[in-house]
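*Asks:* Sequence order for the protein chains is W and S.
Each residue of the first sequence is one higher than the one before, counting from 13 in our numbering.
Each residue of the second sequence is one higher than the one before, counting from 3 in our numbering.
These are calculated hints, taken from the structure and not from any lab test.
It is possible that some hints are incorrect.
As the list claims (entries may be wrong) - Okay, the calculated bits of chain W under chain S, using three or more residues with CB under 8 Å as the criterion:
id	region
1	81 to 92
2	192 to 202
To be verified - Examples of chain W residues toward chain S, derived with CB under 8 Å:
id	residue
3	PHE41
4	ARG42
5	PHE205
6	LEU595
7	GLY598
Fair warning: this is a prediction, and the values are worked out from it, not measured in the lab.
Glycine included, every Cβ here is placed at the ideal spot set by N, Cα and C.
Here are the chains, one letter per residue:
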Amino acid sequence: MVDLSQYTLTCALIPFIPLIGFLINGIGFRHIPKGLVGLTGSAASILSFGLSLYLFNAFLAGGNQSFTVYLFDWITVGDLRISFSFLIDQLSLLMLLIITGVGSLIHIYSIGYMKHDAGYGKFFAFLNLFLFSMLLLVMGSNYPIMFIGWEGVGLCSYLLIGFWNKNTNYNNAARKAFIMNRIGDLGFLLGIFLIFYTLGSVEFTEVMPKAATVFGVDDGTVIAITLLLFVGAMGKSAQIPLYTWLPDAMAGPTPVSALIHAATMVTAGIYMVIRSNVLYTLAPTTLGVVAVIGLATALLAATIGIFQNDIKKVLAYSTVSQLGYMFLGLGVAAYSSAMFHVITHAFFKALLFLGAGSVIHAMSDEQDIRRMGGLRRHLPVTFATFLVATIAIAGIPPFSGFFSKDEILMHVYEHSPVMWVLAVIGSMMTSFYMFRLLFLTFAGTFRGTHEQEHHLHESPASMTIPLLVLAILSAAGGVLGLPEVLGGGNWLAKFMSPLFDLSRQVRPESFTQTHLSHSQEYILMGVSVAAALLALGAAAVLYVSRKAVPAPEGTRLPALQNLIYNKYYVDEFYNNIIVKPLLALGDFLYGVFEFLVIDLIVNGVGKATNGLSGVFRRFQTGNIGFYIISMVVGIIVILLINLRGFIL
Amino acid sequence: MLTIFLIVFPLIAAGFALLAKGESVKRIAFLFALVEFAAALYAIFQFTPGPAPQFVANYPWIASLGISFHVSMDGISALLVLLTTLLVPFIILSTFGNSYKNPSAFYGLILVMQSALVGVFTARDAFLFYLFWEAALIPVYFLAGIWGGERRIQITFKFFVYTIFGSLFMLLGLAYLYNQAGTADLDAIYALNLPAATQSWLFWALFIAFAIKMPVFPFHTWQPDTYSESPTPATMLLSGIMLKMGIYGVIRWLLPVVPLGVAQWGTTAIILSVIGIVYGSVIAIRQRNVKRVLAYSSFAHVGLMSAGVFTLSPEGLQGAMVQMLAHGVNIVGLFFIMEIIYRRVPTRELNQLGGITQNTPNLTVYFMVLLLGSVALPLTSGFVGEFLLLAGVFRFNPWYAAIAGLTIILSAVYMLRLFQGVMFGQPNEQTALFSDLTLAEKATLIPLVVMVFWIGMYPAPFLKLTEPSVTELLRLVVR
Chain W
13 MVDLSQYTLT CALIPFIPLI GFLINGIGFR HIPKGLVGLT GSAASILSFG
63 LSLYLFNAFL AGGNQSFTVY LFDWITVGDL RISFSFLIDQ LSLLMLLIIT
113 GVGSLIHIYS IGYMKHDAGY GKFFAFLNLF LFSMLLLVMG SNYPIMFIGW
163 EGVGLCSYLL IGFWNKNTNY NNAARKAFIM NRIGDLGFLL GIFLIFYTLG
213 SVEFTEVMPK AATVFGVDDG TVIAITLLLF VGAMGKSAQI PLYTWLPDAM
263 AGPTPVSALI HAATMVTAGI YMVIRSNVLY TLAPTTLGVV AVIGLATALL
313 AATIGIFQND IKKVLAYSTV SQLGYMFLGL GVAAYSSAMF HVITHAFFKA
363 LLFLGAGSVI HAMSDEQDIR RMGGLRRHLP VTFATFLVAT IAIAGIPPFS
413 GFFSKDEILM HVYEHSPVMW VLAVIGSMMT SFYMFRLLFL TFAGTFRGTH
463 EQEHHLHESP ASMTIPLLVL AILSAAGGVL GLPEVLGGGN WLAKFMSPLF
513 DLSRQVRPES FTQTHLSHSQ EYILMGVSVA AALLALGAAA VLYVSRKAVP
563 APEGTRLPAL QNLIYNKYYV DEFYNNIIVK PLLALGDFLY GVFEFLVIDL
613 IVNGVGKATN GLSGVFRRFQ TGNIGFYIIS MVVGIIVILL INLRGFIL
Chain S
3 MLTIFLIVFP LIAAGFALLA KGESVKRIAF LFALVEFAAA LYAIFQFTPG
53 PAPQFVANYP WIASLGISFH VSMDGISALL VLLTTLLVPF IILSTFGNSY
103 KNPSAFYGLI LVMQSALVGV FTARDAFLFY LFWEAALIPV YFLAGIWGGE
153 RRIQITFKFF VYTIFGSLFM LLGLAYLYNQ AGTADLDAIY ALNLPAATQS
203 WLFWALFIAF AIKMPVFPFH TWQPDTYSES PTPATMLLSG IMLKMGIYGV
253 IRWLLPVVPL GVAQWGTTAI ILSVIGIVYG SVIAIRQRNV KRVLAYSSFA
303 HVGLMSAGVF TLSPEGLQGA MVQMLAHGVN IVGLFFIMEI IYRRVPTREL
353 NQLGGITQNT PNLTVYFMVL LLGSVALPLT SGFVGEFLLL AGVFRFNPWY
403 AAIAGLTIIL SAVYMLRLFQ GVMFGQPNEQ TALFSDLTLA EKATLIPLVV
453 MVFWIGMYPA PFLKLTEPSV TELLRLVVR
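Given these sequences and hints, build the entire structure.
*Replies:* Here is the structure:
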């Protein structure tokens, strides 16, 4: 058995070190020298990473025994007992390593990237606060602690999207992100209540076994619980219909986009579903919904990605789309495959964003790919690493994205060949828009201003080293889950397997071993690789050979293209059906209802009282002072009269 | 005796304040308020955990009529006494940067009010309770009527009519109860077993008074005007402490007194409260005056507390308890922030502010923390209460909880809009010269911010203080 007490301090320190980093940089903002700020912030993250590695090792050495670390009782009322405690198991450890590992690289990168920003200290403080919240989210041993982290990362996201708060558009984007997330959070919260009132606990280790005995497959309550939790996931992980905040969130500094809006926070929804896998396995109906929404999001975002011209917006839609793939994986109960994609996506998408940051840095804050081109000569390291990431995300072997995406696709095929076809079309689009982005940015000749061209330079080492590390991970990350058919042992799936023991018990049929023959697997792989290569070729022909450049702003586009270019007018749609009616309702209630209806009734009652009280007319001088004084006098008289009885 | 001391001491302090000359009265009043707070803290530390009322003082008063001077504190009273005595020093401290004409009267009234509030929260005799209830209003009338804004006379009158209207019903109800029990003592009133039909009308007689005080929809139209026209210290007293009189009234003088009436009308009360949450929030989104945003937010928040109380669940009642404390701290802090801004840029219009954060790292942080407390971000004060209240409402009816839960979305909408409008964007001519917090302002805000985190991170001491009394109360109601 593992001696639990030995790890209490380690577990507590993992999130609290970044919290201390936040406090130091937050309180010392504008007083601590810049060098020290970056060092403190990064050191906090790296220390956490070190401790996570230590814990991971101890976990492996201890025979993969999961354990709970209890700190204190947070809220106790009646039967509801919420303890502040952490659950350490395969899932939380994997998340810990991603968050602190990728987090550390991004902290180091930020030292260079944010160097000239006046809010340098504030930036590092917020990054550390984010780490703290994200770590709470994945470590919490019950839903409410997870919810603390869940809302905490939402706050950090808000603070960092609106980091440059003089700009009203950025502030609006930040607010939109927070509010949309809160819509999801309400669902999550109601889900927690329903869990508590039906199962009598909120602790993961108590809820899941109880659920397995209480609920039958597709019980109405378990469908309700899982759908409510999924609403939370939609908000945090930017799925239809709550995805529109993520592209806007690109207003934040680029390292933030890499850390929060690509590698970690937005995968919280996937984490939540995997954490609750027993509940989801019990609710095939919900899984169907998850799969359909995931697939729809993947396709919708991919089409939008094809026509975007802002380097970060392309990546943002690609993130939404990739998250869709992860939910598609979850929807077909391929939980560990979805986690595999979370991991590889964290590597290559963080790399893509950091690469984009390097480009933006070199381009003097230009983000429009129509004004780039030919950058590979000026930014060789950025180009090479960006290329690796692009191949990885496009699903071309042997880089990591291929393996994780392929594992999901394989499970989707078993579930429904139609969905598989659609998913492959989506990955074709992925390959196309990513190579389009790569070619427009790095190939051909420079299309920006002379001034920009003169300024072009490769980024400093603090920025390129994280790029190189992430490039290695993006290239080699596939070994984590190398499938058997390619001679691997799929370590990740085996490692995570105990997490799904209970799910296997409640619905064994959703976990049956693959019935695909090896040759079928080869064919499926071949098709998806061919599709990706085909799209690559198309992008190469269009943007390298023919040197096509997307039309400048204001050009009349064909109707369909125009529709997609304007993101299907979803923002405008929401504005018209939700925002405007809400504001109009507010105006109506305040301007009309409040003053006419309610005050009329009140004044009517007042008048009626006035009429009835004619008897007392003598006292009605209309002078408030008189009323009050008479009241005071009355009270004093009563007091005085009875003072005798009181004292004696 | 301790309870009597807590009631009488502020009155004596008020006497000293009236004798004091000039601005020094501020410091005198502050010191007295601190002593009062220390006494309350002493009481809390001496408090034996359990449901029994403690520090009892029970003297025959108008013996022939069965009226006695009966005061005591159980956990529920203790928490509200703590809230009152904690906030009053801050409210006084928050005025150190202002000067009011006729200061001795101003601070004297605040102290008189404190005395009456402590009386309301500790009285165990119907007559005494009514006396303190009305006495608590008088200082506010004067504070709002003398030191208020331009429309003060008209608005104070509306406030006056409203509250007197409510109080008359309550008087009627209490008089009837007194008549039935033959004594004004609360325990005797609890022991009455009135027929359901009687309890039915008694419910409304008492509820209307409490509903106006909180206020619950649709008895609220006095509130935004009064909040925005009163001088800020009076607004703080109103929103920070006085609205809790309504919640407390329901808990102590309604639920156990007319349990059958509650069984009949509780759902109606919850529905009205839930309507108020959404109604107040939606209106808050459209306000241009910063104090009115806070006024409507307070209206929305109190709706959730009221709904939670009427669910008669431990979650709902304990949530209301901790939320009363949290809301008191948050709203006093936020009104103070608005006052700090008003001192530098004398406007309350949102569109004339903006860009303030550029010069004010300190103000930004304190404002943000108080705002997070108000929008119930986990680990800050508002979350614990809101979580428990919504859990209580969910237990009662999940659909109500889904609607009441809109508060977590809408509060983010109006509070972030307020924050963005005031702090972010480009500074204008006036806000560009904005100076950060003074030492006195920091001294007021830091303890409030500490409270925001304390309640949010470790609410156990507060929950434990009230839990036995709440359990006992529920035993009385659900019988």
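*Asks:* All the hints need checking, so say for each whether the structure fits it.
*Replies:* These are the hints, each one checked on the structure:
no., hint, result
1, 81 to 92, "holds (count 8)"
2, 192 to 202, "holds (count 6)"
3, PHE41, "holds (6 Å)"
4, ARG42, "holds (7 Å)"
5, PHE205, "holds (4 Å)"
6, LEU595, "holds (7 Å)"
7, GLY598, "holds (4 Å)"
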